[in-house]
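Engineer: Using the hints, build the complex out of the two chains.
Heads up: the sequence lines are chains A and B, in that order. Using my numbering, read the first sequence as starting at 97 and increasing by one per residue. Using my numbering, read the second sequence as starting at 5 and increasing by one per residue.
None of these hints come from the bench; they were simulated from the model. Bear in mind that the values here come from a model prediction, so they are computed numbers and not experimental data. Errors might be hidden in some of the hints.
[Said to hold, decoys possible] Partial chain A-side listing against chain B, Cβ under 8 Å, derived:
#1 I101
#2 G105
#3 G106
#4 P162
#5 V190
#6 S192
#7 L198
#8 I207
#9 Y222
#10 G226
#11 H229
#12 K240
Quick reminder that beta carbons are idealized off the backbone N, C-alpha and C, glycines included.
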Amino acid sequence: MGLSIRIRGGTPLRDEEFREIIKEIDSPRARYNMAAGEAYSRFFESLRRGEILGTYCPGCGLVHIPPKIYCPYCFRYLTKWVRASDEGRVVTAVVSYLSATLERLEKPEIIGIIRLDVPGYRFTSYRFPGILHRICGASEDDVKSQRIFDARVKARWAPEDRRIGSINDIECFEVMWR
Amino acid sequence: MKTNIYVKSRVAIVGAGMTLFRRRMLETPQELAWIAARRALDQAGLELRDIDCVVSGSAPDAFDGVHLKGEYYSEGAGAIRKPHVRVFVGGGTGVFVPIAAWWHVASGLCRRVLVVAEEKMSSAADPHPQAVFRHIWDPFTEKPLNPNLIWIFALEMHRYMHKCSVSKEDIALVAVKNKRNALDNPYAQAAANITVEDVLKSELLVYPVNRLDISPVSDGAAALVMVSEEWARRLTDTPVWVDGIGYTLDTSYWTNRELSFPVYLKNASEMAYRMAGIDRPAKEIDVAEPYDPFDYKELHHLEGLGLVPRCKAAEMTREGVTQRDGDLPICPSGGLLGVGNPIAAAGLMKVAEIFWQLRGEAGRRQVKKSVTTGLAQAWGDLMQVGTVVILRR
Numbered sequence: 097m098g099l100s101i102r103i104r105g106g107t108p109l110r111d112e113e114f115r116e117i118i119k120e121i122d123s124p125r126a127r128y129n130m131a132a133g134e135a136y137s138r139f140f141e142s143l144r145r146g147e148i149l150g151t152y153c154p155g156c157g158l159v160h161i162p163p164k165i166y167c168p169y170c171f172r173y174l175t176k177w178v179r180a181s182d183e184g185r186v187v188t189a190v191v192s193y194l195s196a197t198l199e200r201l202e203k204p205e206i207i208g209i210i211r212l213d214v215p216g217y218r219f220t221s222y223r224f225p226g227i228l229h230r231i232c233g234a235s236e237d238d239v240k241s242q243r244i245f246d247a248r249v250k251a252r253w254a255p256e257d258r259r260i261g262s263i264n265d266i267e268c269f270e271v272m273w274r
Numbered sequence: 005m006k007t008n009i010y011v012k013s014r015v016a017i018v019g020a021g022m023t024l025f026r027r028r029m030l031e032t033p034q035e036l037a038w039i040a041a042r043r044a045l046d047q048a049g050l051e052l053r054d055i056d057c058v059v060s061g062s063a064p065d066a067f068d069g070v071h072l073k074g075e076y077y078s079e080g081a082g083a084i085r086k087p088h089v090r091v092f093v094g095g096g097t098g099v100f101v102p103i104a105a106w107w108h109v110a111s112g113l114c115r116r117v118l119v120v121a122e123e124k125m126s127s128a129a130d131p132h133p134q135a136v137f138r139h140i141w142d143p144f145t146e147k148p149l150n151p152n153l154i155w156i157f158a159l160e161m162h163r164y165m166h167k168c169s170v171s172k173e174d175i176a177l178v179a180v181k182n183k184r185n186a187l188d189n190p191y192a193q194a195a196a197n198i199t200v201e202d203v204l205k206s207e208l209l210v211y212p213v214n215r216l217d218i219s220p221v222s223d224g225a226a227a228l229v230m231v232s233e234e235w236a237r238r239l240t241d242t243p244v245w246v247d248g249i250g251y252t253l254d255t256s257y258w259t260n261r262e263l264s265f266p267v268y269l270k271n272a273s274e275m276a277y278r279m280a281g282i283d284r285p286a287k288e289i290d291v292a293e294p295y296d297p298f299d300y301k302e303l304h305h306l307e308g309l310g311l312v313p314r315c316k317a318a319e320m321t322r323e324g325v326t327q328r329d330g331d332l333p334i335c336p337s338g339g340l341l342g343v344g345n346p347i348a349a350a351g352l353m354k355v356a357e358i359f360w361q362l363r364g365e366a367g368r369r370q371v372k373k374s375v376t377t378g379l380a381q382a383w384g385d386l387m388q389v390g391t392v393v394i395l396r397r
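One chain only, chain B, in its complex shape (with noise of 0.2 Å):
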């Protein structure tokens, strides 16, 4: 099955945990860090001595407005005398600490890993925590035109809605699909019981993109414990493997090519499916969670994973086939859109959630088939990071 001959161990996660999403959490970064790291530490059965390297991730600094953000939080990580590094792609960071983590046991060069991703979003108070978008774009081409973050997105959209035929009632029956999975999730911001009519007659933020079909401003933290085969089999009957990495980057420049479709993902898709000696995607991925901070993209993105072919995945949605009882359970978490957008936090939330539904653990949100391999995706940069890691148990 596996194809890579240059990995040492294979990697597994034997723990997960995670904090409340929530807009504005009394918590600081470090205890935000330390009650996520201290929850997976927990389903491991380890303590911090137990643990090699820490592998750390959140979004930009100016978030929480401290820069060198990574050692302010580190200690809660348990980021303390050992090596630890805090990796940063964006949107797509969440996925990628695990990814970062997976080279630092694959290696050989660490066999327990403690892997947290943190975001604390609710201190950039003035005017609107996105307001430091404000900085992500080209200075001299973009920045003058006074952008905000919701245009990209509402101009992709736009273009996959035109080039696709898809309709805003199509793609708001993903954001009315996850924030019901999330009435499930103990752990969700934004669970509700919406109807599609709901999400057209939010507030009109940029034509097309109304309120309900982004994600809300999030604190919160989680975490993995991801070890080696040895360590794995000595710690539980059911360690949950990671099979295959993925992650590519496009330019920057986003404005000069078609955006109806993410090459970006198919890319990094494609570099995890080879590792995990996957040839069918749609039949072999039982359980997916793609990264939806917008409503769209998680159509978007299961187009650009391979699991639906390109411009169907409207239909699917339709059609019942993501729902958490249908043929490919989509986000089952309740997502981006159902359980919050702390960044990376995120990000990370998503893999914990695979992990979860492939052990079985996942209480009300199991998903009805039976699961053996999963995937967890995130997205980020401007425009341009696909990160993929593909589970199994």
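Just chain A, with the same shape it has in the complex (with noise of 0.2 Å):
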């Protein structure tokens, strides 16, 4: 051991070897309670009622999605809510066949950029309102043969009544083929 240090810079172990010497399993717990803050209650609550609210910074002309209350590249207070539309382009897709933690997925599922249409509003081409979420209506060759790169996409939402004010309450975004 002390010959392996010295010559090869430590002592690599097979996984077999690696259970003998574990002297400690460990499984922390802990659960945290996390305020929304300013923008975020009021962002939830529109997703509440079936619509998506963005803030306008008149310094860089950007929709913040999801908004905030200052602007990050002007740092200016913004007090300017405007609503999108709950329809986009996808800038870009991959299919998922791995859950959060890694395990493999029954059904596999696509997820996306969706870039929001803000009516009224124009935005360059590198920073726009974007947020990240799962697409529907698309087969995994769509996202491999790279047809569902600037399809249309569209909100699908939960019921009225099991919409809680997340994130979850638009189900996917859904592809309106043409």
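Structural biologist: What follows is the structure in structure tokens.
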């Protein structure tokens, strides 16, 4: 063992050796209660009503979705709330075969970034109101063939009585193939 | 050459050391840190009593399962009765550690600094070390969608493929090259002679990412000794100068921008080039270790660093320019894809590799051309930070 440190720079272990030397198994449990803040509180209320709200920065012209009370680029206070369309375009998309903890999913999920339309506002190709969400109405092949890029999508809302003021009040963004 | 007039002392690297990078190591975080630190001191010809200050880095505490991890491993890093600071910028940490050490020396605060990065990911065993990354997201707008870390890279990779017309085959060539380079690296965990076909046929995780597109989970540590000009001259005939440092952040709201080009890195590298007096990076950088936790990231970062025109990195890779015997050798160490990815230690390994390359000490990994200027880079936080150092002999 000493030789291994001096000559090789450490002692690699095989799986079974690793299991033998384990001395401590620790499983911390922690629950957090997180306040949603000024901007998100209003954002989640709007989702419950079936609306997507953002805040407009007169400095750079960007509409922040999800909204912020400040513009991180211009560092000014934002007071103008604007309503975005629940439609937009797919900027990029992937097919996930793994869960959040890397277990294999039974049914793969399509995930994407959606650039939302905000009527009356225009954005550069570098910065725009974009959000992460699930995409539905598309196949794995639509993603792999890149047909899905730039496709128009529309939010599929959860039934009104099941909305809780969460990003999941939108079930997914559904592709509107034409 | 140097344009920064506020620097009290030029800063040099005079020694480097590292441990093996492996999936599971017997050693504790302290022991790993000590092995790397001891080796760096040995190469510099110094003892711990010669060290004024210690700068260290490590990624999320949740991997080791010890909060206050910096304090926990600190004695292995030599941080006893000396000023010590631990820095952290996610995946960018490994290159940020020598940047923070540079402040210490350039400011005149310390003359001889021990620089250590350590990571022990194997402790986070259940269900997988990756699960630690469940807790890096926005808790309101992203986490409820149950994301895994591979999503964001897959989203960025696919955007890059779409925008630059790059194929999965083109990208797989990076994994093939780096894993092959690692065959000559005695510390490497994932060295292999594989083909593009092997990458494409490996387990599909999140399309377009397959298993062999990704670097492995690792344990390991790396260390440097960084000193003032006066001490560099005293200790060695072949110091390697840290002539440029750069680091910038973008916002963590990564879904609101064009992902095909890393602006966070363009800004960081321009800061470093300016400091090093480099006007034409593509001509003046002889060898580089851009951050390659995923194969497409090497291409993406080569473009962000301005070493290759936008969307041209795949073509250059195909033509063999980035091979160890090519005109611009990239990741001669084997990179994260080949050597392994103990997060902070992996970034510092890249700096150590450029140090060894510039001194002609890289053994079988030594690049064919003569090299005087090299660059190492890392990237991290939530698609936010670029960290860059430029070294010269």
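Engineer: Now tell me if each hint is right for this structure.
Structural biologist: Hints, one by one, checked against the model:
1. A cut of 8 Å between beta carbons decides the hint on A:I101: the least distance to chain B is about 6 Å, and the hint holds.
2. Checking A:G105 against chain B: minimum C-beta separation of about 4 Å stays under 8 Å; hint holds.
3. Taking 8 Å as the C-beta cut-off, the interface hint given for A:G106 holds, the closest approach to chain B being about 4 Å.
4. About 5 Å separates the beta-carbon of A:P162 from the nearest beta-carbon of chain B, less than 8 Å, and the hint is met.
5. Hint status for A:V190: holds, given a least beta-carbon distance of 4 Å to chain B, under 8 Å.
6. Given the 8 Å rule on beta carbons, the hint for A:S192 holds: about 4 Å separates it from the nearest Cβ of chain B.
7. Checking A:L198 against chain B by beta carbon gives a least distance of about 5 Å; that is within 8 Å, so the hint holds.
8. A distance limit of 8 Å between C-beta atoms decides the matter here; for A:I207 the minimum to chain B is near 6 Å, and the interface restraint holds.
9. For A:Y222, the interface hint holds, since its Cβ comes within 8 Å of a Cβ in chain B; the closest pair sits about 5 Å apart.
10. Interface hint status for A:G226: upheld, as the beta-carbon distance to the closest one in chain B is roughly 4 Å, under 8 Å.
11. Here the hint on A:H229 is kept, as its CB sits about 7 Å from the closest CB of chain B, short of 8 Å.
12. A hinted interface residue such as A:K240 counts as satisfied when its beta carbon comes closer than 8 Å to some beta carbon of chain B; here the least separation is about 6 Å, so the hint holds.
Checked against the numbered hints above, the structure violates none of them.
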